[in-house]
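Please build the complex by placing chain B on the supplied structure of chain A, with the hints as guidance.
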Amino acid sequence: MKIKISLLKILFRQILPVTLIALPIGCLYVLFTRDVLSWRNPWIALFVLVHSITIAVLSGRYRSRAFAFLYTRGFTRDELWFHKMLNTILSVMVVWLPMALIVWLPVRSYVQDKLFISPYFPLMMIREAQVPWFWLAGYAILLPLFHYVWIRRAQPLRGANGAVFLSIGVVIVIATLMSFRWHTLWFRILIYMLSAVMIVTSLIAGRILHRNLEVQ
Amino acid sequence: MNIQLILGFIPLVLLLLVFLVAGFISRRRNQPASAPKGNKVTRITETTILFSLGLIAFIYFGCFNSGLLLHLGRLRPAFTTTHIIIAGIVIVFLLLAALLSWIGRASWAVVLTIVVLFGYSTIIKQAAFNGPGYFMTLLAPENSWEPMVNYTFEVNDGLKGAEIWINGVFLGKTPFKMTGREFHKKVPFLTEPPQGFSEENKNRPKGDWFRMNMLVLEENNDRSGAGIYYLSKYEDYYAKLRLGDEWGSNGIGSSGGGGVQYQRDYEVSLRAHFSSTDKLEKAKQERFENLLQKARLADYQVESQWIETVDTYGENGWRDILRLATDEKEFSDILDKWAQWKYDISKNMSQEQASKIFRQICKQANLESHAGKAIELIYDKLDLEDLVKKYERVIKNKTRQNTPDSISVMRHAIELWDKKLNSEDANIPNIIEQRISPALLVWREDIEGSAALGGADIERYLQRGFQRENRVSGLELQPKNREYTLGMHLNKSLYHLAFMDSPAARQFRQKHKQQVMELTELIVGSNFNNSRKPPEFLFFDLDRGEKSLAYQYWPSYSVHVESSFPPWWYEKLKKRWTYLARLGSLATEDMYIHCWKIAEFRPELMGGYLLQALQALHALPQDKKIPITKEIIKELQGIADQKRQKLGLDKNARHYFTEDECVDTAREHLIQAGDKESLQLLLSKHGQGQNNFAIRRIKRFFQNENMPDYSLIEILAQHENPALRVLALEAIRRYPTAQNRAILEELLNDPDEQVRTAAQQVASELKAIENMPLEDLVSEPKGS
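Chain order of the listed sequences is A and B. 36 is the number of the first residue of the first sequence in this note's numbering; add one for each residue after it. -3 is the number of the first residue of the second sequence in this note's numbering; add one for each residue after it.
Here chain A stands alone, though its shape is the one from the complex (with noise of 0.2 angstroms):
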């Protein structure tokens, strides 16, 4: 499928505003939270919950004039649907990499070092590199299953609000092994593996009712 830039930036523009709070919110941040950032900060993850939510509901308001608008235009809902679904990794992008950049570079190192002389930095550099994709992986879990439910909420069908609580369910899961540092490794792969058929469940799910959403 070929990537429609017009159409893209018009995604885009849409979300647009929480981008551009999300990215400040999210850089200072990681930038001069004092602690070690690890996979089970709670700031973080709610930002992460918090955005992923808000980018759903912004992509889509299927009640909203904008909304029928574009799906008036001549795409077909898989060409809507792959360039939300680019358009959620391009918003996700511009928010997640400057934030994980800013670890990796190491600039929050480098901050943290010289201007807070802090005793973990440059020291938990190489530690906090892998906590970005952990935010990443949060992002991955969340935004297709948040597709999902405002894709199964235009539905001609009831029983919508099944979706919105299985969305909170996997929140309270999530937290719920947050919550606990020491997971086994054949536990941690299960995790993985689950995710992974969850993570696409929802997108093919989401990509086929797309094709019969209703625009109001």
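Hints in this document: simulated from the structure, not taken from any laboratory. One or more hints might be untrue.
[As the list claims (entries may be wrong)] No farther apart than 30 angstroms at their CA atoms in a straight line, the calculated lysine-lysine pairs in the DSS-like style are these:
| # | chain 1 | residue 1 | chain 2 | residue 2 |
| --- | --- | --- | --- | --- |
| 1 | A | K149 | B | K507 |
| 2 | B | K416 | B | K507 |
| 3 | B | K392 | A | K149 |
| 4 | B | K416 | B | K333 |
| 5 | B | K593 | A | K149 |
| 6 | B | K626 | B | K639 |
| 7 | A | K149 | B | K509 |
| 8 | B | K338 | B | K386 |
| 9 | B | K763 | B | K275 |
| 10 | B | K343 | B | K386 |
| 11 | B | K626 | B | K280 |
| 12 | B | K280 | B | K229 |
Okay, now just chain B, sitting in the frame of chain A:
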């Protein structure tokens, strides 16, 4: 009441609110009632997600979050069944939820899943001290949650066929095991000792019975508070042992062990004398002694066959020789040879061979005896880069569950390398300090381990930590800045920097002397350190002379010793002298004497205690040890003379006061320290006749485990009294070193016949040992 269930719903409610505000959840029905409840795609998707989610949460709660599904084999069968039934019910509900989702009721399915899983978590949650939770006590059969107790009974370190009787009940013949419930069913608890138990001597009763400490479970039932939990406690039981027809005498017994949550393994170890086994044990000990004598007679140059023979004595043999090596350094070389033989280590071995041995020891994962020594012999042949890389990998990947057993072996090799590199040049950062020390800090947050290896990273980490938080102790310190030790919350950075032995840490201690001294005060004065052991770091900068921490802290330390335990005067004196001995040349003789003067010496406690205190002076150089002891002798003699004067006795009268005995003890100490003058004094005063006072005293030295000083034997061998020359032969017989054998050669031509005969006897005894075939000296000879 467990509030986890309620707490678990708080995030759910919050998220529902967020989703409601975000418009994800509609308050009104979107679709007409006639619309279908989802289609095939939605059903498959939602059921798949729900199933995945439920599975992760179920495994997490059931196996890790206080769940016991991975430990069912360790529980009592009834408790296992309860756990399985509850898990089975949960699975049924989860399947029901999946079914609900499949028919388009995903909302209800999610609510059901969450309620069931949080309910499950609440039910199986353990109470305090890993006891069963409140709900489990309602659901499981009474007492099924009691930990499984397994007793292993052992007599005389593995003696087979010994009968064990406890509280009058015959339990079985060794070796045997028994569960706690079997034991308590069979053995009654006695409030009074059984008939025939002797209280005459509690430690070594004369009768067959002996009292023993038995570890048993104690149930604490506090259902309104901490719940039910189990602790281990000791109870008095009365045991007797029989081997064949003989009851064991002088029995003793104890038990120990521990375990996890629902399983305790206790080992009951009993000992008693049996004439039959005693004879065997004695013969074995004699064989071992003869083996050692052969080594001495060979000037410690032992052949591989000797090593093969000593190897039959295993760990005990190793430990015995290690103990001997403190006095006879040559035995240390023998231990090296033993380890070399055990692991086929050669002096010019290649790196590859060393790596092979290292891998073998890593596989064994046991650093006891030979293995630890073997690592010491080969570590510098190992590829350091490779070793560091492997250890780094282990540190990075290590989690609580998959710590490789070989980690201690690797750590030992790393520490040896670090020591070697530091001894070459402590100022050049080495690879261990650059890579292992930071890795321990980064991946394991092991500050202690990192600080032990040292390096710029850990030093900077701690110094910056101290810059951020410089208070010495207290609960007001943030948890991440605290080090809980000796019952106190100390500043973590300060604590570890103080204990580090590096140039930077040394500078730190100088710069922040006040805080370091404050920390020292807390450590020394802690109720958990009632022996008042001084921290090691005090002695790291003795080269700074009177500015050193240890020197400056001495007055405070001396004051603290007053409140130390045990409270006896000689223990306090010993502590003070030990501290001064560690000060080395900074401690003057006056300081030692001052300690003696403030020691509240109580002569009625006899001289034996004084000898214990005087042992603290062993570490001192001769030129200090001897004058100090002589000064003390002078003091004691002064007290005794004053007493004599009061009673109107002659100064030289042998009216024996306890002070006089203390003087003799102190002289004994001097003689043992190799003071020829004291020995000559003893011999000139009391060395006349066959069984004189001096002989009795000196015999006492020889009965000690330690090898007597060569000069002492030499003086005795040259003394004019033949009885003393015979005494020298006794020492030579026990320690036939090359030097002592030279004295023996001279005594074989002694003008006195009694001495000559004794010398010939010793010589022939030694010759017989020398000619003993090694195969007769193995631990368990064939046919024994």
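Each hint, compared with the structure:
{"no.": "1", "hint": "K149/A x K507/B", "in the structure": "23 angstroms, holds"}
{"no.": "2", "hint": "K416/B x K507/B", "in the structure": "29 angstroms, holds"}
{"no.": "3", "hint": "K392/B x K149/A", "in the structure": "27 angstroms, holds"}
{"no.": "4", "hint": "K416/B x K333/B", "in the structure": "21 angstroms, holds"}
{"no.": "5", "hint": "K593/B x K149/A", "in the structure": "57 angstroms, violated"}
{"no.": "6", "hint": "K626/B x K639/B", "in the structure": "20 angstroms, holds"}
{"no.": "7", "hint": "K149/A x K509/B", "in the structure": "27 angstroms, holds"}
{"no.": "8", "hint": "K338/B x K386/B", "in the structure": "25 angstroms, holds"}
{"no.": "9", "hint": "K763/B x K275/B", "in the structure": "25 angstroms, holds"}
{"no.": "10", "hint": "K343/B x K386/B", "in the structure": "25 angstroms, holds"}
{"no.": "11", "hint": "K626/B x K280/B", "in the structure": "44 angstroms, violated"}
{"no.": "12", "hint": "K280/B x K229/B", "in the structure": "37 angstroms, violated"}
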